[in-house]
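Protein chains in written order, with our numbering: chain A, 1 to 335; chain B, 1001 to 1335; chain C, 2001 to 2382; chain D, 3001 to 3382.
Honestly, the hints are just simulated from the structure, not real lab data. On a predicted model such as this, the values are computed, not experimentally measured, just so you know. Cβ coordinates follow ideal geometry from the N, Cα and C atoms, glycine included. Just so you know, not all the hints are guaranteed correct.
Which stretches of chain D does chain A cover? Using the computed rule of at least three CB atoms under 8 Å from a CB of chain A, they are [unchecked claim]:
no. : region
1   : 3126-3134
2   : 3148-3157
3   : 3279-3287
4   : 3349-3359
5   : 3362-3374
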Amino acid sequence: MTTVFDEVATGTKKLTVGQAVNRALGDALATDERVLLQGEDIGALGGVYRVTEGLAARFGSDRVVDAPLGESGIVGTSIGLAQAGFVPVAEIQFDGFVYPAFDQIVSQLAKMHSRFQGSQQFPVTIRLPYGGGIGSVEHHSESPEAYFAHTAGLKVVTYSNAHDAYWVTRAAIDSADPVLLLEPKKHYFVRGEVDFDVPTDNPFATVEARPGTDGTLLAWGPQVSTALAAAEAGVEDGYDLQVLDIRGLSPLDMTTIADAVKTTGRAVIIHESSTFAGFGAEISAGLMEQAFLSLEAPVQRVGGYHMPYPPSRLEQDYLPSVDRILDAVDETFTY
Amino acid sequence: MTTVFDEVATGTKKLTVGQAVNRALGDALATDERVLLQGEDIGALGGVYRVTEGLAARFGSDRVVDAPLGESGIVGTSIGLAQAGFVPVAEIQFDGFVYPAFDQIVSQLAKMHSRFQGSQQFPVTIRLPYGGGIGSVEHHSESPEAYFAHTAGLKVVTYSNAHDAYWVTRAAIDSADPVLLLEPKKHYFVRGEVDFDVPTDNPFATVEARPGTDGTLLAWGPQVSTALAAAEAGVEDGYDLQVLDIRGLSPLDMTTIADAVKTTGRAVIIHESSTFAGFGAEISAGLMEQAFLSLEAPVQRVGGYHMPYPPSRLEQDYLPSVDRILDAVDETFTY
Amino acid sequence: MSTISSPTGHQLPEEAIGVLSADGFIDPTESAKAFVDDATAIDHERVAEMYRLMANTRRIDEEGVNLQRQGQLVLWTPSLGQEAAQAGAVTALQDRDWIFPTYREHVMARGRGIPDEKVFDFFRGAVHAGWKPSDYNMQPYTVVLAAQVPHAVGYGWGIAQQQRGWTDARRAEEGRVAVACFGDGASTEGDIHEAMVFAASFDTPVVFFIQNNYWAISTPFEVQSKVPLFKRAKGYGFEGFAVDGNDPIATAAVMDHAVDHARRGGGPVLVEAHTYRMGAHTTADDPTKYRTSEEESQYAQSDPMVRTEQYLRRRFDYTDAFFDEIAAESEQLAVNLREKIVDAPDTISLREKFDLVYAEEHPLVDAQAVAFDRWMEDEDAS
Amino acid sequence: MSTISSPTGHQLPEEAIGVLSADGFIDPTESAKAFVDDATAIDHERVAEMYRLMANTRRIDEEGVNLQRQGQLVLWTPSLGQEAAQAGAVTALQDRDWIFPTYREHVMARGRGIPDEKVFDFFRGAVHAGWKPSDYNMQPYTVVLAAQVPHAVGYGWGIAQQQRGWTDARRAEEGRVAVACFGDGASTEGDIHEAMVFAASFDTPVVFFIQNNYWAISTPFEVQSKVPLFKRAKGYGFEGFAVDGNDPIATAAVMDHAVDHARRGGGPVLVEAHTYRMGAHTTADDPTKYRTSEEESQYAQSDPMVRTEQYLRRRFDYTDAFFDEIAAESEQLAVNLREKIVDAPDTISLREKFDLVYAEEHPLVDAQAVAFDRWMEDEDAS
Ligand SMILES: Cc1ncc(C[n+]2csc(CCOP(=O)(O)OP(=O)(O)O)c2C)c(N)n1
Ligand SMILES: Cc1ncc(C[n+]2csc(CCOP(=O)(O)OP(=O)(O)O)c2C)c(N)n1
Ligand SMILES: [Mg+2]
Ligand SMILES: [Mg+2]
């Protein structure tokens, strides 16, 4: 799937999200010899989604390393590699396989900088393909962002298109702090324009994906496209809906979000994982605190139900849909 | 510390929280031969807080088992024990040591009933002493409720006094579903009246710990006492504050909470872990959805800062305090 | 002797117990001594039954690949090449024993009498668990590597307690054993280690049954370990065996021994069956990216089904009649399966899933179910 | 020979390498053969240095218990009884090597020149990490059992890459080694296993240094394993040694060998030092609940400090003068420490902690810090 590139990218190119990530990883490896990739099957195979295709051949199996099959070991050794001066980029193969590494992420990696009183940096990036709608078996479709965003010391970021895939990945690797990089895997094969000129904005900021005045749809990663489709469909119902693409969950660009919702007065938050104690709750609570007087109606959440991610034949009923989003928008107009 | 009891409890007694838990565990062991306790140091030592003192001697080291030192093993084997017909009660020694078991809790235990289409129950209780303010070293003072409450399939419960310690523990063990039982360890030595008559209410419901009309303080576990102290101190400032004691985080008794806040119009949520994407966010978002029109002011959150739990000399600056709570109440009166 | 040396350098470890040559002659390895008599004493009925399980499953396996290509399945995990190992293991068990499988134990599922369509319900994305575990004393397939292994140990711990004080005779009659299956890749996960520590500590009747098929997706075994995995057992204080997993009678004899040892209360045992994943990891995999066709064709020569057939012919004078019958039976199974699977409806709706999250009531789930009902009605109406 | 058989049944494993008897005579164990020469060749300066580390630390350790009783510390973890093991290990290292300790490596911290008060800052709840790791090439104490062990392996992996292609001479001069410390209890954690797999897979220069002190709080070693832990190594394909950890010269010689092996690029090694936790687990512990005083007094007889003193006297004619000097020095250290610790102020404020959560800016943390400032001002004003 992925083309292998030989030089650091420049100009503008049409790439899939997966190719953009591949290019970002390749450019990071090419420009900083401290960068080391490890993960299950990322070498000869190029990853189960071919996102790392060609990188082992180009940079050597010393820098693009097929790890033994232990997620805690992958994250734990990445911490040690950082202590030895490396900039590790660890891949966890699927969302549902990150939990064996939870202690090393939440209790070690996230806390090391603070624990060591800043005397050592831990620029570890954990790449985690996430999200559903891909018709796969159990544990391949989860959205664990809430578990991680709560964790101080960790940055949690994502993106929804090829351009951002490139720049968010570069920024994650460049970050002096540990970053959990959530990759919307159902978009790996979605193509878009990537501009390789260094962006002027912060790649982790929240950006407007579509302007609108009647209400704001807030989404990230795989659900930005659903939000955009809902906004489009909403036109027929007479709604002019704004869509915000949240790239950084931690840090969360609450200023941009609150300012936007203050203008529209209505907000619907969309995400795939269960709404209960999900990350949408933080945004809703944040709007409560920062935009209360401007709210025309309670902020609504559209997300997964309070159940484990269902078998794939049922996932379309489980995931947020255009109709469910517009229903929530309707609800805000009953106030 | 704990007295060892020989018969199933009856009547009313004054006990510490730790003694009440000890009694609940003993009564469960005495009344149901399927109950099996396992955990690190729970046998001869009686647990690092002596909460299981005397139980191994009374029920045998086959039923009160010193486990090898692996948290994932403790939870993983508890799942298997449940499949063999046992009712396992697993202790994880401290909040900060639960993360190595995260996969077994979140991805296995919580999902098994749903995965198996209800053909098998998993009545596993995980006892987890939690919370800070005890002057201990790193990882002994955390409040990880948000990580677990988000997880469908798991019940997450806690309590704030000796009476509830007894009944919430009994109910957790009786539950046909897996329960994460958060034990407010700083209260282990706090004494209270325990009424052993079977309670008429649901032990996981939210209850009013103090009536009040000007605003509602919402807290659970170790912070209920802080909330009560704040309500008391608030009298001087002219506030008549209600305090709700939230025992079930999942299921969360949102009806009681919303009804209460609809009456008072103001709410402050108090918890120890970082507020960002903490469990308070869910309550705030829930109030947004269910009590919007009755809110006189935005719901406030008072909790830990966005940092790892600090060294113990600094914890009093980190934890919610009466002053910080009243400050938040003041804030709601600026609207 | 059935030593295999592969392009990636693997070779049956010298400690591996093997009895049959690749073409089905009795030709024991050095290390097989203690097991040759037991292995060769396995009667023809059991060998034939193993062959049947292997042949039936291989045909269904092929159908799995086909059905996935035709869009009927979301995924399929071929057991191609690993049939002898699984057949040897499952025929060593009593019905009352419990199996804790990975996602590739199709021969074992068949050995337990699990209908193919139940296995396939999982792979067509209809359910997370294809069958009711207690109907077959086999836990549904687990996808998170190694996670089922502590479950097996906990189960074994429980039955060890229930069997405390039993006489040897009663153990032999009624004693149960848990078999924990996992692969060479999964062996690296921390859960495997904790499971082994707990198993040793509580003397649980658990057989750790490793299918070392030399690959974990694209990762060769050498990345996980430079020494065979049976050697891990000694470090926990129990016995470990390496067996030629493509040799059905060697595997059966070693598993018989291991299961018997566990059943008598002797504690855990580890059996590492050296086999080879002849197919792709799953239908989503492309082995050409990471292994050579020479390697694949070399292993094709040690095909366990061929070996079993040869043994039946040579030692027990089985003839074409038998093999033709099995082939026809297998074909019929495939036909039946297709009928049941192609365009099969959902077995459960999302609405029903609400009621399965908890055994007891949960107000939030109930409220969401009500909202879901209302929503579905609106959808139908519009 | 210094075999110990305890009330709970432990005994030095027969494979354990021991050179000194409990009273300091040279009396090697059967298994010590390969190490006797190296051990007895250790010069008196090193033995004296080990003794100094042990004696100084023991006095400070005592002070730890006192200071905790007096409310100056939140907790103290005595190293009492484990001094020889740690002294043998730390003196086997070069300054450039890295140590990844648990929370009980006080002799090793001293060996690295870490000032006592920095160690105590951790135990008085002032900081989570007592010292700047790169100042001493020693990671701060880790509380989550086993978590530091994959870090050591990752560090070793990193340096192995940096040292690729180095000549043997350069390795000997500049090569670095990582030492991963853990206890018998921690050995059960899954992280230990994954760390060992990674270490073997990447041939990392890591020495796994286990202090098997036979207790994990109240849990006897038998619960973790029925066989000594050095046996685990073989299952991963590297070498493991058991050593009498109360014998300073045996431990030193075995650690010298292990470190040298790792330094030359030979990959990981495991050393299990059999010792005994003579004190409580921590000041919060009460060993009378779970072990007998007979057991404690039996182990008191193999006190490593006595043994080292006897050896210095017998073999190297050290006299009272030396021991008195060390005692005086130790006393002075304790006095100095008390001065620095009693009622010592915070070393850092919560306000400063805000700036340490992230290396880069984080708007939420910044906003909270501003709010915290405002809040503190209000508090001060009111
Ligand atoms: C915890 C976890 N990590 C990663 C995966 C993704 N994954 C599925 S199968 C597989 C390889 C497993 O190899 P092995 O254990 O040898 O079994 P095999 O597939 O060869 O039968 C991987 C990495 C997973 N399922 N679970
Ligand atoms: C993951 C984890 N689980 C539990 C604990 C609590 N705990 C602290 S020390 C200890 C015993 C450790 O025993 P061992 O590894 O033998 O080391 P020792 O204390 O004997 O030096 C336990 C259970 C912990 N710190 N970390
Ligand atoms: Mg494999
Ligand atoms: Mg110990």
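Query - Violations among the numbered hints - result: 3
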